[in-house]
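Trainee: Letter by letter, the chains look like this.
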Amino acid sequence: MRYSFIAPRPKKIVTPELKLVFFFFGMTLFILFATYGFLLYKSHRFSQEVIGMNQRIADTNKSIVMMQKEIAMIKKSAAHFQKVATSNTVLKDSIKNLFDLVPERITLSKAVLEKDALILYGITPNKEVYEFLLQAPLRSIFHKTYSDFYPLENGWYRFVSTNYLDEEAL
Amino acid sequence: MTLSISRQNIYLLVLSVVLLVFVLLFAFFALIPEGKNYRMERLEMKKYEANEAQYHQWHDEVLEELQTLQSHNKHIIAAYDNIFDAERFVKMNSMYFESLQLQKITTKEDKEGFSVYEVNATSKIDSPSSFYAFLEGINKSDWIINVNFPIRFEREGSVIRSTFTLNIYTNLHEK
Numbered sequence: 001m002r003y004s005f006i007a008p009r010p011k012k013i014v015t016p017e018l019k020l021v022f023f024f025f026g027m028t029l030f031i032l033f034a035t036y037g038f039l040l041y042k043s044h045r046f047s048q049e050v051i052g053m054n055q056r057i058a059d060t061n062k063s064i065v066m067m068q069k070e071i072a073m074i075k076k077s078a079a080h081f082q083k084v085a086t087s088n089t090v091l092k093d094s095i096k097n098l099f100d101l102v103p104e105r106i107t108l109s110k111a112v113l114e115k116d117a118l119i120l121y122g123i124t125p126n127k128e129v130y131e132f133l134l135q136a137p138l139r140s141i142f143h144k145t146y147s148d149f150y151p152l153e154n155g156w157y158r159f160v161s162t163n164y165l166d167e168e169a170l
Numbered sequence: 001m002t003l004s005i006s007r008q009n010i011y012l013l014v015l016s017v018v019l020l021v022f023v024l025l026f027a028f029f030a031l032i033p034e035g036k037n038y039r040m041e042r043l044e045m046k047k048y049e050a051n052e053a054q055y056h057q058w059h060d061e062v063l064e065e066l067q068t069l070q071s072h073n074k075h076i077i078a079a080y081d082n083i084f085d086a087e088r089f090v091k092m093n094s095m096y097f098e099s100l101q102l103q104k105i106t107t108k109e110d111k112e113g114f115s116v117y118e119v120n121a122t123s124k125i126d127s128p129s130s131f132y133a134f135l136e137g138i139n140k141s142d143w144i145i146n147v148n149f150p151i152r153f154e155r156e157g158s159v160i161r162s163t164f165t166l167n168i169y170t171n172l173h174e175k
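Protein chains in written order, with the working numbering: chain A, 1 to 170; chain B, 1 to 175.
Worth flagging that the hints you see were computed from the coordinates, not collected in a lab.
Where is the CB? At the ideal position from N, CA and C, for every residue including glycine.
Simulated restraints on C-beta separations: (1) B:L20 - A:A58: 48 to 58 Å; (2) B:I10 - A:Y3: 21 to 31 Å; (3) A:F23 - B:Q57: 52 to 62 Å; (4) B:E136 - A:R158: 29 to 39 Å; (5) B:L19 - A:A58: 40 to 50 Å.
Work out the full structure: start from the sequences and follow the hints.
Mentor: Listed below in C-alpha cells is the structure:
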C-alpha cells in the first residue's frame with residue numbers, strides 16, 4: 001500500500017540551500033581574514049622597510065660626515081698652501097728688491113735677512129755714497145738703522161749696516 | 001495560529017546571528033585597530049622615504065663638492081701626503097744651484113695641525129736670479145715647502161754661498 005504520490009528521496013543533512021548559505025558564510029569569513037592578513041603583512045613590511053631606511057639613512061649620514069671632514073681638510077690644506085706660496089713669493093720679491101736697492105758703486109760681501117732685521121756687510125768708496133744711495137732708502141723701509149764704518153788702506157770703507165723693523169710692523 | 005519554524009531554520013538563524021556577532025567583534029577589535037596601525041605605518045614609511053630622499057640629495061651635493069675640491073686641488077692634496085725625500089729634492093733643484101746640501105733639524109707639529117719637517121739648506125749660486133727662480137719653482141714642487149728666515153748670502157770668490165731654512169709641511173696622519 002502506498003502512502004505518497006511521489007517517490008521517496010534520500011534525506012540529506014546539507015541541503016543545496018544550506019550549501020549556498022555556508023558558501024556565503026565561508027566567503028565572508030575568508031574576506032575578513034584575508035583583509036586582516038593583508039593588513040598584518042603590510043604593516044610588518046612597512047616596519048621592515050622603516051628599519052632598512054633607518055639603517056640606510058645612518059650609513060648616508062656617516063658617509064656625509066666623513067666627506068665633510070675630508071672637505072674641511074682639503075680647504076684647510078688649500079688655505080695653508082696659499083699662505084705658504086704667498087710667503088715664498090713675498091720673500092722672493094723682498095730679496096729681489098733688496099739687491100736692486102744696492103747701487104753699483106757699493107759692493108756687498110754678506111747679507112743676513114732675519115724676520116725683523118737686515119744686516120748688510122760691504123765696501124763703499126766713501127761715506128756719502130753709502131749715506132745717499134743706500135742708507136736713505138733703507139731708512140725709509142726700516143724703523144731703526146745703524147751703520148759702522150771701518151777705513152780700508154785704499155781709502156774705501158768697509159761698512160756694517162744693521163736695520164730693524166718694529167715688532168708692531170710685522 | 002501556530003508559527004511553524006523548522007529546526008533547520010532555527011539552526012540557520014542561530015548560525016547567522018553568531019556569524020554577525022563574530023564579524024562585528026572581529027571588525028571592531030581586530031580589523032579596525034590593525035587598519036589604523038597600517039595607516040600609521042604607511043605614513044611613517046612615507047615620512048622616512050622623504051627623509052631618505054633628502055639625505056640622498058644632501059649626500060650627492062656633498063659628494064659633488066668633495067669631487068670638485070679634489071679635482072681643483074689635486075696637486076695640493078698629493079703634496080701634503082708626500083713624504084719629503086731630500087735626495088730627490090736636491091736632484092730636482094740642482095739646476096738652480098752650483099751645490100746644495102740639506103741637513104735635517106727637527107720634525108714638529110705646527111699650530112695648524114700639520115707636521116713640519118725642518119731642514120737647513122746650504123747652497124752655492126752664481127747669481128741671485130738663480131735663487132729667485134728657485135723660490136718661484138718651489139711652489140710647484142712635489143712638497144709644500146716654505147723658505148724661512150734667517151737667510152744668509154755671503155760672497156765666496158765668484159759664487160754666493162747662501163744658507164736658509166726650509167719648512168716642509170705634511171698631513172699629520174701620514175706620520
